[in-house]
Amino acid sequence: MKEVISLPIYSCEGNQIDTLKLNSAVFDGIVNSDVIYQAVNAFRANQRKGLASTKTRGEVSGGGKKPWKQKGTGRARVGSIRSPLWRHGGVIFGPHPRDFYYKLPKKIKLLALKSSLNSKIKENDLIVLDDLKLGTPKTKEAVKVFSNLKLIPINEKKRNSLLLLLDKIDENQKRGLHNISFLNVDLAKDTHVYDIMSHKKIIITKNGLSQITDRLK
913 MKEVISLPIY
923 SCEGNQIDTL
933 KLNSAVFDGI
943 VNSDVIYQAV
953 NAFRANQRKG
963 LASTKTRGEV
973 SGGGKKPWKQ
983 KGTGRARVGS
993 IRSPLWRHGG
1003 VIFGPHPRDF
1013 YYKLPKKIKL
1023 LALKSSLNSK
1033 IKENDLIVLD
1043 DLKLGTPKTK
1053 EAVKVFSNLK
1063 LIPINEKKRN
1073 SLLLLLDKID
1083 ENQKRGLHNI
1093 SFLNVDLAKD
1103 THVYDIMSHK
1113 KIIITKNGLS
1123 QITDRLK
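Under the numbering used here, the first residue of the sequence shown carries the number 913, and numbering increases by one thereafter.
Hints were generated in silico from the structure; no laboratory data involved.
Among the clues, some could well be false.
[As the list claims (entries may be wrong)] Listed below are the simulated DSS-like cross-link pairs for lysine-lysine, each with C-alpha atoms no more than 25 Å apart in a straight line: (1) K1101 <-> K1086; (2) K1052 <-> K1113; (3) K1113 <-> K933; (4) K1080 <-> K1062; (5) K1062 <-> K1129; (6) K1086 <-> K1113; (7) K1050 <-> K933; (8) K1021 <-> K1086; (9) K1062 <-> K1050; (10) K1062 <-> K1034; (11) K1129 <-> K1019; (12) K1056 <-> K1113; (13) K1129 <-> K1015; (14) K933 <-> K1086; (15) K1112 <-> K933; (16) K1101 <-> K1019; (17) K967 <-> K978; (18) K1118 <-> K1129; (19) K1052 <-> K1080.
[Stated by the list, open to error] Pairwise CB distance ranges (calculated): (20) L963 <-> E915: 43 to 51 Å; (21) S923 <-> A964: 44 to 52 Å; (22) K1101 <-> A964: 31 to 39 Å; (23) W980 <-> V1003: 22 to 30 Å; (24) K1050 <-> A964: 39 to 47 Å; (25) D1043 <-> V1003: 27 to 35 Å.
Even for Gly, the Cβ is constructed at its ideal location relative to N, Cα and C.
Using the sequences plus the hints, can you model the full thing?
The structure is reproduced here in structure tokens:
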């Protein structure tokens, strides 16, 4: 029988108000680093534009005329001034626009997401928030929540410190959380492995965790 993992649930004031038993089918404590590696590599490859381009000797302008006659000059034979051996000539084996996209099987992506969440739990880097309600769309009010939870990094401009996963984003949250430099915000149902692994700590609402659990079951 799998051991049931429990996590404390915190309020916006930073107090522990309850505990939550996680679904053992999803949060089993197993971290498969191989599938995490595959999922992160696939995500990063799919973000590449592949726009680097060079011109071959056939694409470089000029070079239609033979620079000098084939024989009798004492110099090496040359057919075009746009030879790759010449300055301003074409490029041998240079990059051309290409698509780096490749698709991972759905089972691998789900297993990788499951493993990434388990790794954060093992490192005590996943914090469950009961709910996040902002009375006003002010950054100061939003920052106070993370201050109460003692999650504000020493260097507040450090990127990718915190990832906040919500079940839904209202207008107050959208405006209040927008300008916090150390925080990224996303919907729990849309999160992926790269998001989880590239942030130091994950804060997720109780309903957001329920959405991810349903997605991974």
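Each hint, compared with the structure:
{"no.": "1", "hint": "K1101 <-> K1086", "result": "holds (17 Å)"}
{"no.": "2", "hint": "K1052 <-> K1113", "result": "holds (21 Å)"}
{"no.": "3", "hint": "K1113 <-> K933", "result": "holds (20 Å)"}
{"no.": "4", "hint": "K1080 <-> K1062", "result": "holds (24 Å)"}
{"no.": "5", "hint": "K1062 <-> K1129", "result": "violated (32 Å)"}
{"no.": "6", "hint": "K1086 <-> K1113", "result": "holds (20 Å)"}
{"no.": "7", "hint": "K1050 <-> K933", "result": "violated (33 Å)"}
{"no.": "8", "hint": "K1021 <-> K1086", "result": "violated (28 Å)"}
{"no.": "9", "hint": "K1062 <-> K1050", "result": "holds (19 Å)"}
{"no.": "10", "hint": "K1062 <-> K1034", "result": "holds (19 Å)"}
{"no.": "11", "hint": "K1129 <-> K1019", "result": "holds (11 Å)"}
{"no.": "12", "hint": "K1056 <-> K1113", "result": "holds (17 Å)"}
{"no.": "13", "hint": "K1129 <-> K1015", "result": "holds (22 Å)"}
{"no.": "14", "hint": "K933 <-> K1086", "result": "violated (29 Å)"}
{"no.": "15", "hint": "K1112 <-> K933", "result": "holds (23 Å)"}
{"no.": "16", "hint": "K1101 <-> K1019", "result": "holds (16 Å)"}
{"no.": "17", "hint": "K967 <-> K978", "result": "holds (20 Å)"}
{"no.": "18", "hint": "K1118 <-> K1129", "result": "holds (16 Å)"}
{"no.": "19", "hint": "K1052 <-> K1080", "result": "holds (21 Å)"}
{"no.": "20", "hint": "L963 <-> E915: 43 to 51 Å", "result": "holds (49 Å)"}
{"no.": "21", "hint": "S923 <-> A964: 44 to 52 Å", "result": "holds (50 Å)"}
{"no.": "22", "hint": "K1101 <-> A964: 31 to 39 Å", "result": "holds (35 Å)"}
{"no.": "23", "hint": "W980 <-> V1003: 22 to 30 Å", "result": "holds (24 Å)"}
{"no.": "24", "hint": "K1050 <-> A964: 39 to 47 Å", "result": "holds (44 Å)"}
{"no.": "25", "hint": "D1043 <-> V1003: 27 to 35 Å", "result": "violated (58 Å)"}
In summary, the structure is inconsistent with hints 5, 7, 8, 14 and 25 from the numbered list given earlier, while agreeing with the others.
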